[in-house]
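Peer 1: Protein chains in written order, with my numbering: chain A, 2 to 317; chain B, 366 to 807.
Everything labelled a hint here was simulated from the structure, so no lab data went into it.
There may be inaccurate statements among the hints.
[Said to hold, decoys possible] Derived SDA-like pairs (lysine to any residue); straight-line CA-CA distance at most 25 Å: (1) B:Lys724 <-> B:Thr754; (2) B:Lys804 <-> A:Tyr275; (3) A:Lys143 <-> B:Lys804.
[Unchecked claim] Derived coverage of chain A by chain B (criterion: at least 3 residues anywhere in the stretch with Cβ under 8 Å from a Cβ of chain B; other residues may be distant): (4) 102-116; (5) 273-282.
Just so it is clear, the structure is predicted and the values come from calculations on it, not from any experiment.
For glycine and all other residues, C-beta sits at the position ideal for the given N, C-alpha and C.
Listed here are the chains, written in short residue letters.
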Amino acid sequence: MSADPVGVARSSVARADLSARPGPALPRWVWPWLLLLPTFVAIGAVAFWPILEGLRLSFTNTSLITRQSDFVGFDNYAGLLSDSRFWNAWGHTVWFTFASTVLETLIGLGMALVLYERFPCRGLVRAAMLVPWAMPTVVTSKMFGWLFDGQNGVVNWILLQLGLIDAKVNWYGDPDTALTTLIIADVWKTAPFMALLLLTGLQTIPKSLTEAARMDGARPWTVFWSIRLPLLMPTLLIAGLFRALDAFRVFDLVYVLTGGGPADSTETLSTLAYKELFSTLEFGYGSTVSTAMFLTEAVLAGILCLWLVRTIRRVT
Amino acid sequence: MTVSNPPSGGRSGPAHVTRFDRRSFLSTGAAGLGAAALGLPGRARAAGRKEISFATASFFGSESFGDLVDSFNESQDRVMVRYIELPPPSSSTEVYQGLVQQLARGNGTPDVFSQDVIWIAGFAAAGWALPLDEFVDADMTSKYFEGTLAACTWDGKLTALPWFMDTGMLYYRKDLLDQYGETVPATWDEMARIGKAAMEAGDTEFGFLWQGKQAEVLVCDAVEAIASNKGGILAEDGRSARIGEPAAIEAIQFLYDSINTARISPADVLSWDEEPSRQPFTAGRSMFLRNWSYVWPIAQDPSVSEIVGKVGAGPLPHFAGGKSASCLGGYQLGLNANTKERDAAWEFMSWMSAPEQQKRIALNFGLGPSRPALFDDADLNEQQPFMATLRPVFTGATPRPVTPEYAKVTLALQSGLSKALVNGEVEREMAALSDQLDKIVG
Chain A
2 MSADPVGVAR
12 SSVARADLSA
22 RPGPALPRWV
32 WPWLLLLPTF
42 VAIGAVAFWP
52 ILEGLRLSFT
62 NTSLITRQSD
72 FVGFDNYAGL
82 LSDSRFWNAW
92 GHTVWFTFAS
102 TVLETLIGLG
112 MALVLYERFP
122 CRGLVRAAML
132 VPWAMPTVVT
142 SKMFGWLFDG
152 QNGVVNWILL
162 QLGLIDAKVN
172 WYGDPDTALT
182 TLIIADVWKT
192 APFMALLLLT
202 GLQTIPKSLT
212 EAARMDGARP
222 WTVFWSIRLP
232 LLMPTLLIAG
242 LFRALDAFRV
252 FDLVYVLTGG
262 GPADSTETLS
272 TLAYKELFST
282 LEFGYGSTVS
292 TAMFLTEAVL
302 AGILCLWLVR
312 TIRRVT
Chain B
366 MTVSNPPSGG
376 RSGPAHVTRF
386 DRRSFLSTGA
396 AGLGAAALGL
406 PGRARAAGRK
416 EISFATASFF
426 GSESFGDLVD
436 SFNESQDRVM
446 VRYIELPPPS
456 SSTEVYQGLV
466 QQLARGNGTP
476 DVFSQDVIWI
486 AGFAAAGWAL
496 PLDEFVDADM
506 TSKYFEGTLA
516 ACTWDGKLTA
526 LPWFMDTGML
536 YYRKDLLDQY
546 GETVPATWDE
556 MARIGKAAME
566 AGDTEFGFLW
576 QGKQAEVLVC
586 DAVEAIASNK
596 GGILAEDGRS
606 ARIGEPAAIE
616 AIQFLYDSIN
626 TARISPADVL
636 SWDEEPSRQP
646 FTAGRSMFLR
656 NWSYVWPIAQ
666 DPSVSEIVGK
676 VGAGPLPHFA
686 GGKSASCLGG
696 YQLGLNANTK
706 ERDAAWEFMS
716 WMSAPEQQKR
726 IALNFGLGPS
736 RPALFDDADL
746 NEQQPFMATL
756 RPVFTGATPR
766 PVTPEYAKVT
776 LALQSGLSKA
786 LVNGEVEREM
796 AALSDQLDKI
806 VG
């Protein structure tokens, strides 16, 4: 309030003046909460309310088509436990998450270690590395659709030329290879993201430690195994957590490339929930699938966070 | 109150007599009186028009459906139609959601809508589509293809008015058939034999291409095979499954065998929908192709096709003793049960489905008419010669299962059919699928 002459004149004791000023007297502890209120409202509206509403819907038989919306207790959850489609999708999602996160972490770590060293054009390579990650997933999907095309795909061509296979492989049409191909596409796209996170992690490790080790005659492998890796562990776990939570809701790759087929071999929880929610418009059961997905993800995040906290305690 | 429309706009928008009008009327005296006198009849006519709305997926040709709506508004002075544009048919899930959300509100908007054939039963069972029996009689319905009428009927009542259609059909290499001295195959066995011969002669790489991706199109391919063997996916009343019957099993077995024993189709068809299967055919690499009518103009376009002038199209083959069947697609007109302007809405939708408009849609959008008589039209045959070949195909138009639970039925079918085609345990998978369908529709 610039119009307040007292406050302007005696700025050094402004706080005392403010509380002494006449006006509606609010207890001091209210102010921080009042100022935080808009944030709470915004987060509540876009994050908590949808979760609670999803939870509520999962206990109803809401369907846009039958226009029912009655409370049915745990019926949907009982149905879910005996629904083979759900467990099939659950298994695929967990496997996809595990395989893609492990591969991306290992490959990302390798990329980060290489990009940490000095070599000509390093800046250019670091920038180019991010291209796959910057690409929209739908574009990646289409691209991998062509690369792994059974008839004209370049992957089949190369493998045939190298003599590694003797007939064209039907990557997306065979239940044995379809999910693996999706994992490869996901790894290609997201390993650079892991590399970026791990590179920043590497840069926080004091150079003095590695230099001291070298002067003591440690081989590069020992430097990596005994110094860099333990110190990188918190970053590695945070990056892994991000990646696992992200991989768990894989949707676009599956939706564009296989639609869940062949023979349901690439159905994931996201695509199943999408089909229930938006194709059949069964909001009740679809929300149950989403809630089950949320719970699995919460457990996953919980385990990784515990591990992370313990690692950080050990390192610091 | 808004400022009034300019006098010339009296017909195109909702007209109000506003404060501005009255003030200018009073202040301008005799001159204003004269102008207003000239303007008023037009306005009164516009104000007296019944307003309805029409929602449809947006198709594109040399014009849009908005242009048709404009023509209707100009052709008469009783009804004024507002055009609500939904996404294109390629995003049919979004179109479906959009329609369901509007119809579920029950406020009568949109008064008239167009719907994919597979939604008709669901909308009717939900009570959103008005049965049209009070408007139509046998004389009117006899002018449409039978298969389309079957798809537009739920619970014995006509709940949608046929508009335009598309169906699956067989594309073949005319040049190769002539070369072998063969005729267009009537049965699946003949087709397999000719396809095999073409492969062995080295003329084409594949015999027969179809769509086996776990998607809606797989259901269409299956409907065609099963119906051409006198089988069905659901019983007539839509309340029990028939897909476990021998006729259906034999049909699906044929599709499996085309990949694994006859080897006229590559295993890649299991991951192909329409476009991936179309590309090798127009590249001259296959003898036969099952696909929709959109392939024809592509096959005749020299910039993308290797087989210009060498292609023929016609009804799909059938099993011995059966009849050719082609899966019905296309959008049909529905009347909102909650509309407040029933007669106006009917006037508009019967205009849309009338021969003149269907002809215009056929000419300008390339979409097939649902009235057989139009296939004798001279203009149409001259400008769209391909349309003539569609008549026998449309005659065999077969709807997909007509049931309000279609969304669940199709997901179960896609999954079960895909499993059978992958693992070859056709009988076991069809039995499991049949149980599942019984649970959904029973």
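Peer 1: So is the region 102-116 of chain A in contact with chain B by the C-beta rule, three or more residues under 8 Å, or is the coverage claim wrong?
Peer 2: Contact hint for the region 102-116 of chain A vs chain B: violated, 0 residues under 8 Å.
Peer 1: For the pair supplied as a hint, A:Lys143 and B:Lys804, is the alpha-carbon distance within the 25 Å limit?
Peer 2: 37 Å, violated
Peer 1: Decide if the proposed pair is consistent with the structure: B:Lys804 and A:Tyr275, CA atoms, cutoff 25 Å inclusive.
Peer 2: At roughly 22 Å apart (the allowed maximum being 25 Å), A:Tyr275 and B:Lys804 satisfy the hint.
Peer 1: Take the region 273-282 of chain A, compare each residue's beta carbon with every beta carbon of chain B, and decide whether three or more fall closer than 8 Å.
Peer 2: holds (count 5)
Peer 1: If you draw a straight line from the CA of B:Lys724 to the CA of B:Thr754, is it 25 Å or shorter?
Peer 2: 16 Å, holds
Consistency with the previously given hints fails for numbers 3, 4, ordered from lowest to highest.
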